[in-house]
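Asks: Going line by line, the protein sequences match chains A and B. Each residue of the first sequence is one higher than the last, beginning at 98 in this note's numbering. Each residue of the second sequence is one higher than the last, beginning at 385 in this note's numbering.
Note that these hints are calculated values from the structure, not bench results. Note that the coordinates shown come from a computational prediction; the quantities given were computed from them, not determined experimentally. Any given hint might turn out to be false.
As the list claims (entries may be wrong) - A few chain A positions that, by computed beta-carbon distances, are all more than 12 Å from chain B:
1) Glu-161
2) Arg-258
3) Glu-262
4) Val-269
5) Ser-287
6) Gly-305
7) Val-391
8) Glu-430
9) Pro-494
Claimed, not checked - For the chain B half of the interface with chain A, some residues (derived, Cβ under 10 Å), not all of them:
10) Phe-525
11) Phe-526
12) Thr-557
13) Val-569
14) Val-578
15) Ala-602
16) Tyr-606
17) Leu-610
18) Leu-806
Virtual Cβ for every residue (Gly too), placed ideally from N, Cα, C.
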Amino acid sequence: MILTWQHWAALSPILFTSAAIVAVLLAIAIKRDHFWNVTAGIAFGNLAWIAVAVLFFGPLVAPETIPAILPLKVTPLLVIDNYALFYFGIIIVCTLACATLLQGYLEGYSGNKEEMYLLLALSALGAMVLVASCHFASFFIGLELMSIPLYAMIAYPHRSRRSLEGGLKYLVLSAAASSFILFGIALIYSLVGSLSFAAVGTYMAQPGPVPGIVTLGGALFLVGIGFKLSLVPFHLWTPDVYEGAPAPVTSFLATASKTAVFAVLLRYYVEARGHEDGDLIQVLTVLAILSMLVGNVLALLQNNVKRMLAYSSVAHFGYCLVALIASGPLAVEAVGAYLITYVVTTLGVLGVVTLISSPYNNDGDADELEDYRGLFWRRPYISSILTALLLSLAGIPVTAGFVGKFYVIAAGVDSQEWWLLGAVVLGSAIGLFYYLRLMIVMFMDRDRQQRFEAPLNWGLQTGGAMVVAVTLASFVLGLYPQPFIEIIQLAPLVGP
Amino acid sequence: MILVWLILIPFIAGLLSWQAELRFGTKYPRWIALIGMLIALGISIWLWLAFDYTIATAGEKPDWVIEYKAPWIPRFGISFHFALDGLSILLVLLTNLLGVMAIICSWKEIDRNVGFFHLNLLWNLGGVVGVFLTLDLFLFFFLWEMMLVPMYFLIALWGHDTPGGKGKVYAATKFFLFTQASGLVMLLAILGLVFVNYQTSGVITFNYEDLLKAEMSANVEYILMLGFFIAFAVKTPAVPLHTWLPDAHSQAPTAGSVDLAGILLKTAAYGMLRFGIPLFPNASAEFAPIAMWLGVAGIVYAGVMVFAQTDIKRLVAYSSVSHMGFVLVGIYAGTEIALQGVIIQMLAHGISAGALFILCGEIYERLHTRDLRKMGGLWSRFPYLPPITLFFVAASLGLPGLGNFIGEFLVLIGTWSVDPILTVVASTGLILAAVYSLMMIQRAFHGPTQDDGHGHGEEKLEDLNRRELGMLGALMVIMLWLGLYPQPFLDTSAAAMQHVAAVYAAAQPEAVAAVVGVTR
Numbered sequence: 098m099i100l101t102w103q104h105w106a107a108l109s110p111i112l113f114t115s116a117a118i119v120a121v122l123l124a125i126a127i128k129r130d131h132f133w134n135v136t137a138g139i140a141f142g143n144l145a146w147i148a149v150a151v152l153f154f155g156p157l158v159a160p161e162t163i164p165a166i167l168p169l170k171v172t173p174l175l176v177i178d179n180y181a182l183f184y185f186g187i188i189i190v191c192t193l194a195c196a197t198l199l200q201g202y203l204e205g206y207s208g209n210k211e212e213m214y215l216l217l218a219l220s221a222l223g224a225m226v227l228v229a230s231c232h233f234a235s236f237f238i239g240l241e242l243m244s245i246p247l248y249a250m251i252a253y254p255h256r257s258r259r260s261l262e263g264g265l266k267y268l269v270l271s272a273a274a275s276s277f278i279l280f281g282i283a284l285i286y287s288l289v290g291s292l293s294f295a296a297v298g299t300y301m302a303q304p305g306p307v308p309g310i311v312t313l314g315g316a317l318f319l320v321g322i323g324f325k326l327s328l329v330p331f332h333l334w335t336p337d338v339y340e341g342a343p344a345p346v347t348s349f350l351a352t353a354s355k356t357a358v359f360a361v362l363l364r365y366y367v368e369a370r371g372h373e374d375g376d377l378i379q380v381l382t383v384l385a386i387l388s389m390l391v392g393n394v395l396a397l398l399q400n401n402v403k404r405m406l407a408y409s410s411v412a413h414f415g416y417c418l419v420a421l422i423a424s425g426p427l428a429v430e431a432v433g434a435y436l437i438t439y440v441v442t443t444l445g446v447l448g449v450v451t452l453i454s455s456p457y458n459n460d461g462d463a464d465e466l467e468d469y470r471g472l473f474w475r476r477p478y479i480s481s482i483l484t485a486l487l488l489s490l491a492g493i494p495v496t497a498g499f500v501g502k503f504y505v506i507a508a509g510v511d512s513q514e515w516w517l518l519g520a521v522v523l524g525s526a527i528g529l530f531y532y533l534r535l536m537i538v539m540f541m542d543r544d545r546q547q548r549f550e551a552p553l554n555w556g557l558q559t560g561g562a563m564v565v566a567v568t569l570a571s572f573v574l575g576l577y578p579q580p581f582i583e584i585i586q587l588a589p590l591v592g593p
Numbered sequence: 385m386i387l388v389w390l391i392l393i394p395f396i397a398g399l400l401s402w403q404a405e406l407r408f409g410t411k412y413p414r415w416i417a418l419i420g421m422l423i424a425l426g427i428s429i430w431l432w433l434a435f436d437y438t439i440a441t442a443g444e445k446p447d448w449v450i451e452y453k454a455p456w457i458p459r460f461g462i463s464f465h466f467a468l469d470g471l472s473i474l475l476v477l478l479t480n481l482l483g484v485m486a487i488i489c490s491w492k493e494i495d496r497n498v499g500f501f502h503l504n505l506l507w508n509l510g511g512v513v514g515v516f517l518t519l520d521l522f523l524f525f526f527l528w529e530m531m532l533v534p535m536y537f538l539i540a541l542w543g544h545d546t547p548g549g550k551g552k553v554y555a556a557t558k559f560f561l562f563t564q565a566s567g568l569v570m571l572l573a574i575l576g577l578v579f580v581n582y583q584t585s586g587v588i589t590f591n592y593e594d595l596l597k598a599e600m601s602a603n604v605e606y607i608l609m610l611g612f613f614i615a616f617a618v619k620t621p622a623v624p625l626h627t628w629l630p631d632a633h634s635q636a637p638t639a640g641s642v643d644l645a646g647i648l649l650k651t652a653a654y655g656m657l658r659f660g661i662p663l664f665p666n667a668s669a670e671f672a673p674i675a676m677w678l679g680v681a682g683i684v685y686a687g688v689m690v691f692a693q694t695d696i697k698r699l700v701a702y703s704s705v706s707h708m709g710f711v712l713v714g715i716y717a718g719t720e721i722a723l724q725g726v727i728i729q730m731l732a733h734g735i736s737a738g739a740l741f742i743l744c745g746e747i748y749e750r751l752h753t754r755d756l757r758k759m760g761g762l763w764s765r766f767p768y769l770p771p772i773t774l775f776f777v778a779a780s781l782g783l784p785g786l787g788n789f790i791g792e793f794l795v796l797i798g799t800w801s802v803d804p805i806l807t808v809v810a811s812t813g814l815i816l817a818a819v820y821s822l823m824m825i826q827r828a829f830h831g832p833t834q835d836d837g838h839g840h841g842e843e844k845l846e847d848l849n850r851r852e853l854g855m856l857g858a859l860m861v862i863m864l865w866l867g868l869y870p871q872p873f874l875d876t877s878a879a880a881m882q883h884v885a886a887v888y889a890a891a892q893p894e895a896v897a898a899v900v901g902v903t904r
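When you get a sec, could you build the whole thing from the sequences and use the hints?
Replies: See the structure below:
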């Protein structure tokens with residue numbers, strides 16, 4: 098296959114991200130300097146999102162100068178369409194946000210700081226490949242390219258026991274999940290005879306019952322995906338890894354990597370006609386209900402903020418599954434809306450955790466509930482931000498989280514999934530309880546000395562600016578979601 | 385646009401008073417908040433006097449005195465749709481009046497984080513005013529849930545940890561969980577209604593006037609009505625969903641209690657009158673006996689529970705539950721007289737309960753206890769506070785000449801034609817109220833004085849100052865007005881209530897709709 102300029106143009110976000118990897122690598126080789134090495138990578142990261150924006154909005158804003166070239170299949174492996182671009186955008190934003198957080202955070206780290214950005218860019222590249230994949234081969238490459246750097250990122254402060262433990266746990270369990278996925282793919286291939294999603298869809302569309310082997314393959318595939326999304330009962334790694342990983346890495350893991358997996362799951366679901374498979378829907382329904390209830394109940398029991406957020410993310414992907422299962426006309430839009438609100442909020446919350454723990458003290462993060470006691474009276478603005486973002490996670494109006502929850506419930510009502518909606522309501526009620534607990538701790542006992550004191554000038558740092566920006570984004574999304582809805586509507590998925 | 389300002393002024397004043405504390409010190413927030421609320425009160429009085437609310441509602445469509453509409457989220461047919469009629473203006477007046485009182489009564493009580501306190505108080509008030517004005521169901525839910533967050537902070541941060549109680553954070557969390565979870569059920573019902581309407585009309589809209597025309601089967605209507613009713617019943621509160629209220633009241637600061645009893649509880653009754661019955665008239669008529677008996681259960685159960693209370697604020701809280709039972713009975717009786725009674729009862733209860741909570745706060749400031757067993761003989765220690773308390777207690781027990789009497793009397797008359805037995809049982813609430821109210825007066829103010837352990841049992845205590853006397857005096861005047869000449873209020877709400885009664889009567893052909901107009 099000959100690649101024309103259209104292909105290169107369509108691939109440009111991926112290419113710029115790859116260039117960022119090389120740039121960081123070369124910069125480290127030339128002269129090890131934290132600030133300049135990061136800047137080299139971030140420059141290409143910015144080019145990547147500009148490319149995404151041009152490809153997405155260009156044909157709409159200036160149709161004469163920028164021709165519409167999408168959707169375009171680049172080799173049988175990758176498809177670049179507006180859907181992929183939308184999630185490219187989310188991934189790049191998460192990556193850049195994580196880089197800005199890392200910059201302030203790693204200042205205190207005693208070892209080599211710069212390689213972290215290399216791993217970050219590699220993982221982002223994997224996530225982008227994953228989102229654009231329409232074939233099991235590219236799917237697997239993307240998944241592994243995203244996960245393998247994450248092992249190293251989680252265990253990056255390798256003198257810390259908790260980080261090493263988290264990294265190792267993620268490595269072992271993730272490898273097991275990958276082998277499940279591989280086996281599942283092999284079983285599906287054995288009958289379908291092709292690895293492309295569309296071929297699987299055509300096969301499933303045939304009349305007659307689906308053979309047991311394909312169902313088994315689909316189930317194994319789902320186990321692997323369930324692990325990556327930490328759906329109950331495949332969630333056991335989540336709290337340990339969230340707790341062990343440095344806070345900025347946790348924010349990347351919670352946002353970019355999970356969003357990418359969910360986006361590809363939705364693509365597979367639509368292109369391989371998963372929504373016509375009754376068994377699959379039943380399994381997903383059970384997973385969703387379990388995730389919402391178990392995730393929220395276990396989050397109640399935590400005294401560690403990062404572990405609490407881990408369980409809360411389990412529950413959030415349960416809500417997101419509701420949008421997926423309610424596969425009416427709203428599903429792609431609802432998932433997009435939910436993920437964007439989730440990403441904005443989670444980036445902000447973990448950003449605040451990072452800011453409070455920055456610079457890294459080579460021991461651990463500010464993740465105990467006690468570390469937040471009385472924070473409001475010492476740092477009114479940063480705690481107001483955290484309060485607003487926690488309300489957003491709880492889905493209270495005015496914040497982004499409410500729009501996401503509204504979409505999920507609307508999709509559920511539209512397709513009359515009453516059991517799922519019951520679980521959403523129950524889960525949200527339980528969820529309120531632990532979000533409120535963290536929130537109120539910040540307002541109590543104003544005169545207490547703390548281990549962690551966010552530096553007073555946090556607002557001037559790039560990480561601080563990023564947190565303020567996502568907080569504003571959360572309010573804009575919550576108060577005036579119409580523009581975002583229009584963008585999401587521009588990124589549909591077309592079934593076969 | 386004036387309606388939008390009515391909502392925005394409290395929000396802006398709240399933000400300003402928070403910033404004023406951070407930048408200029410603790411003196412300014414109170415004044416900024418007070419001026420903001422006085423402006424809002426002024427606007428609402430002007431709106432009340434300047435417009436004619438007696439336009440008879442012709443046909444199906446309710447008439448709005450002022451209406452404002454701007455697109456918000458066209459994707460789902462959601463708009464900023466506010467409108468004012470006789471029902472809303474009275475409740476907005478009550479909200480802004482009690483808002484001013486809440487600020488004045490916390491002038492001395494709140495000494496920590498004054499700016500943040502007023503931010504929460506004013507945002508809550510702004511949210512409530514929004515609830516009373518909005519005609520878009522999405523916006524209604526939005527404001528309904530949003531106003532709870534500031535209330536949560538008011539209880540959790542400035543509340544009291546009474547000895548033996550479970551603590552302010554517990555109470556605040558319980559309040560938030562109850563109202564939020566029931567709110568989500570209402571969101572399900574709202575979305576259900578919207579999608580049912582979408583299936584028949586092909587348009588997604590949250591607009592009240594469009595949804596009034598939604599066609600649905602009887603079963604669907606019943607389920608959706610229940611979804612709304614649960615949210616409103618938790619907030620009213622109706623027995624057995626009332627347990628959050630005594631906890632919240634006993635831990636909340638005075639301003640929080642005034643706000644909660646005087647205003648927040650009224651949003652539920654408003655919701656039933658504006659949304660619950662007009663949207664689902666047939667199901668409501670079918671459900672009415674259950675709702676009314678729940679109301680009676682509230683009147684009697686809470687009335688009996690009052691006797692077991694020793695905390696003076698819990699006592700007033702339970703009496704609130706009992707009085708709100710009349711509101712529930714009156715709404716579902718659905719005759720015009722009963723509905724007019726509901727309006728007067730809401731206004732009168734808002735003022736009497738608000739005033740009683742203010743007085744509880746004043747007693748607590750002076751004695752540092754709210755335990756009735758440690759009071760007694762207070763009449764000899766204050767010149768003004770006990771008689772004023774007696775006035776409001778008398779109002780609350782339904783003494784003729786004061787507002788609550790008119791409200792309860794009209795509700796009972798209006799209910800008689802619907803269900804005489806129920807009315808008889810409900811009227812026992814008046815007897816219970818008389819007994820427990822006088823018992824409270826007797827235990828707190830008469831009998832021997834209690835020694836507080838430091839030998840300070842006999843001397844005079846600091847009485848109400850001019851600020852407090854002025855505030856309570858104003859409430860007393862309004863209370864007398866409501867009791868002696870309620871006609872202006874009845875005239876204002878008449879058109880809106882006639883509309884609700886007509887919708888309701890049309891839904892139950894066999895019901896004997898009393899058409900004896902109190903207003904003509």
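Asks: State for each hint whether it applies.
Replies: Hint check:
no. : hint    : result
1   : Glu-161 : holds (28 Å)
2   : Arg-258 : holds (34 Å)
3   : Glu-262 : holds (34 Å)
4   : Val-269 : holds (39 Å)
5   : Ser-287 : holds (43 Å)
6   : Gly-305 : holds (33 Å)
7   : Val-391 : holds (19 Å)
8   : Glu-430 : violated (9 Å)
9   : Pro-494 : violated (4 Å)
10  : Phe-525 : holds (7 Å)
11  : Phe-526 : holds (4 Å)
12  : Thr-557 : holds (6 Å)
13  : Val-569 : holds (6 Å)
14  : Val-578 : holds (8 Å)
15  : Ala-602 : violated (18 Å)
16  : Tyr-606 : violated (15 Å)
17  : Leu-610 : violated (13 Å)
18  : Leu-806 : violated (33 Å)
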